[in-house]
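Peer 1: Here the protein sequences come in this chain order: A and B. Residues 1 to 83 (my numbering) are what the first sequence spells out, left to right. Residues 1 to 205 (my numbering) are what the second sequence spells out, left to right.
Hints listed in this document are in silico derivations from the structure and should not be mistaken for laboratory results. Honestly, I wouldn't trust all of these hints.
[Unchecked claim] Cross-link-like lysine-lysine pairs, in silico, DSS-like; alpha carbons within 27 Å at most:
#: 1; chain 1: B; residue 1: Lys65; chain 2: A; residue 2: Lys28
#: 2; chain 1: A; residue 1: Lys76; chain 2: B; residue 2: Lys73
#: 3; chain 1: A; residue 1: Lys73; chain 2: A; residue 2: Lys53
#: 4; chain 1: B; residue 1: Lys85; chain 2: A; residue 2: Lys56
#: 5; chain 1: A; residue 1: Lys26; chain 2: B; residue 2: Lys73
#: 6; chain 1: B; residue 1: Lys18; chain 2: A; residue 2: Lys55
[What the hints assert, rightly or not] Restraint-style ranges between C-beta atoms, simulated for each label pair:
#: 7; chain 1: B; residue 1: Asp129; chain 2: A; residue 2: Asn70; range: 31 to 37 Å
#: 8; chain 1: A; residue 1: Gln38; chain 2: B; residue 2: Lys65; range: 48 to 54 Å
#: 9; chain 1: A; residue 1: Glu9; chain 2: B; residue 2: Met169; range: 16 to 22 Å
What you are looking at is a predicted structure, and each value in this text was computed from that prediction instead of being measured. Note that beta-carbon positions come from the ideal geometry of N, C-alpha and C, so glycine has one too.
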Amino acid sequence: MISCKDITEKANDYIDRELPLLTRMKMKIHLFACIHCQRYVSQLQITILALRKMKKEHSVDENTVDNIVNNLKNYKQNEPEIK
Amino acid sequence: MANYNPPSDDELIPQLLKNDEIAYRQAVRAYHGMMIHLARSIVGDAIADEVAQEAWVAVLRALPKFERRSSLKTWIMRIVSNCAKSRLRHESRTVNYGTAIEEATAMLSSNHFDEHGHWATPPSVWHADTPEALVSSTELQHCINNTLDSLPPLQKSVITLRDIQGLDMESICKVLDVSESNGRVLLHRARSQVREAIDQHQRVQ
Numbered sequence: 001m002i003s004c005k006d007i008t009e010k011a012n013d014y015i016d017r018e019l020p021l022l023t024r025m026k027m028k029i030h031l032f033a034c035i036h037c038q039r040y041v042s043q044l045q046i047t048i049l050a051l052r053k054m055k056k057e058h059s060v061d062e063n064t065v066d067n068i069v070n071n072l073k074n075y076k077q078n079e080p081e082i083k
Numbered sequence: 001m002a003n004y005n006p007p008s009d010d011e012l013i014p015q016l017l018k019n020d021e022i023a024y025r026q027a028v029r030a031y032h033g034m035m036i037h038l039a040r041s042i043v044g045d046a047i048a049d050e051v052a053q054e055a056w057v058a059v060l061r062a063l064p065k066f067e068r069r070s071s072l073k074t075w076i077m078r079i080v081s082n083c084a085k086s087r088l089r090h091e092s093r094t095v096n097y098g099t100a101i102e103e104a105t106a107m108l109s110s111n112h113f114d115e116h117g118h119w120a121t122p123p124s125v126w127h128a129d130t131p132e133a134l135v136s137s138t139e140l141q142h143c144i145n146n147t148l149d150s151l152p153p154l155q156k157s158v159i160t161l162r163d164i165q166g167l168d169m170e171s172i173c174k175v176l177d178v179s180e181s182n183g184r185v186l187l188h189r190a191r192s193q194v195r196e197a198i199d200q201h202q203r204v205q
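Same shape as in the complex, but just chain B:
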């Protein structure tokens, strides 16, 4: 099924405020899939549906106060992000979403370099060295997915939204409530981890 393009915010918001069922349907068709992806990237597969449902109720409740400082889509995604983060806090998950930034500042492990900052363990030559080759290998796909799943939640959210879902950084930072510079650090760290995992995988082949 193709992606569904919703009516403009100017058309949709007044109708949603009137509790128009057609508008509800249009909004759900347009945004629910993305909401699920975002929720998954923060809370995992098991409760992502529940979080997205909760977020819809929160959207409806907050809509009369929506000041339109961002698009409806970004605003909805921010609500999903908040619902997901509060769910994580509620479930006292081991990873603290709010402090993941500090963890993210650690760069490529220092044992790759000598004391002068030159490569001690240079990158290996990849036998699968095109994007197509990476995604067509089941084992490498598995490796990439496992690495994404093992990332701290904020890193996973940023890389999923930026590289897999294709959102721009400004929207992502608004959605996740992080500064632009922290967003870039998180993205850098996450991408480096995925590259590193692919490198390790190809080294042992």
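Chain A extracted, bound-state conformation:
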């Protein structure tokens, strides 16, 4: 029998569909009957979706681009030759 503790340990792989079919089915049966575990799995899903909404833009302002490119050009000009 799969316990509530087992469910919490496998919940992440369950959500990401990384579990073997048999384990997945056992979890589904447990979840059908256990309100606490249903709540746990649902809260973990909500947590993951909330994290996805925190995605930050990767845009870089042009001053930063200038600075980095200038540093790289300087580095290239002064780079020791590899023998």
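Based on these hints, arrange chain B on the given structure of chain A.
Peer 2: Frame of chain A, contents of chain B only:
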């Protein structure tokens, strides 16, 4: 400003090797923001910029030997990860990045369960129970950010790259140089910690 899509690796790499300034600019526009995020997730805000700058020099130096076994993006991110980890070692930070795996195997604290593995302290009912509600509450955002900051560096890197930045697990494991199974353990642990923090927060409300 929208994200910038770079030219393909096939176009960009030969131009970078020729030290073409336009190619440098294209690469920096495309990858620097992500490099900063990755560096932050490992070394924190204070020196993330410095680490990303160091990584650019390392990228340029190593590019002639790049064998293209991964995409340019994954390869660059791996260099950032290595620069950041070596910086952590150099600064003798208290958390040992390399051994965080063992710590990550500890699961949800055992006092939540009785001796049969049934809930002793079940999850609370959340008053904010949608992703939108979680991110629109300033206090909960604060709680999530504090929890992310308190995670061991590897856990923080995995959850940031997977759930916030949306990278696939295979790339993340390559970038951080961990096995796929360890990567999954780290992700599980990190997500559980964040859920637990939200649960605690909502319990005391």
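Peer 1: Has the given pair, Lys76(A) with Lys73(B), been kept, meaning a C-alpha gap of at most 27 Å?
Peer 2: holds, 21 Å
Peer 1: Okay, Glu9(A) versus Met169(B) on CB: inside 16 to 22 Å?
Peer 2: Since Glu9(A) and Met169(B) have Cβ atoms about 18 Å apart, the given range 16 to 22 Å holds.
Peer 1: Are the Cα positions of Lys26(A) and Lys73(B) separated by 27 Å at most?
Peer 2: violated, 40 Å
Peer 1: For Lys85(B) and Lys56(A), compute the direct alpha-carbon distance and say whether it is at most 27 Å.
Peer 2: Distance of about 23 Å is within 27 Å: holds.
Peer 1: Quick one, are Lys18(B) and Lys55(A) close enough, alpha carbons at most 27 Å?
Peer 2: violated, 34 Å
Peer 1: So if I understand the rule, the pair passes when the alpha-carbon distance is 27 Å or less; does Lys65(B) with Lys28(A) pass?
Peer 2: With a Cα-Cα distance of about 49 Å, the restraint between Lys65(B) and Lys28(A) is violated, given a limit of 27 Å.
Peer 1: Asp129(B) and Asn70(A), beta-carbon distance inside 31 to 37 Å?
Peer 2: 50 Å Cβ-Cβ, so the 31 to 37 Å window is violated.
Peer 1: Regarding Gln38(A) and Lys65(B), is the given constraint of 48 to 54 Å on their beta-carbon distance met?
Peer 2: With Cβ atoms ~52 Å apart, the hint holds.
Peer 1: Mind checking the alpha carbons of Lys73(A) and Lys53(A) for me, to see if they're no more than 27 Å apart?
Peer 2: Judged against 27 Å, a Cα distance of about 37 Å means the pair is violated.
This entry does not satisfy hints 1, 3, 5, 6, 7, going by the numbered hints stated previously.
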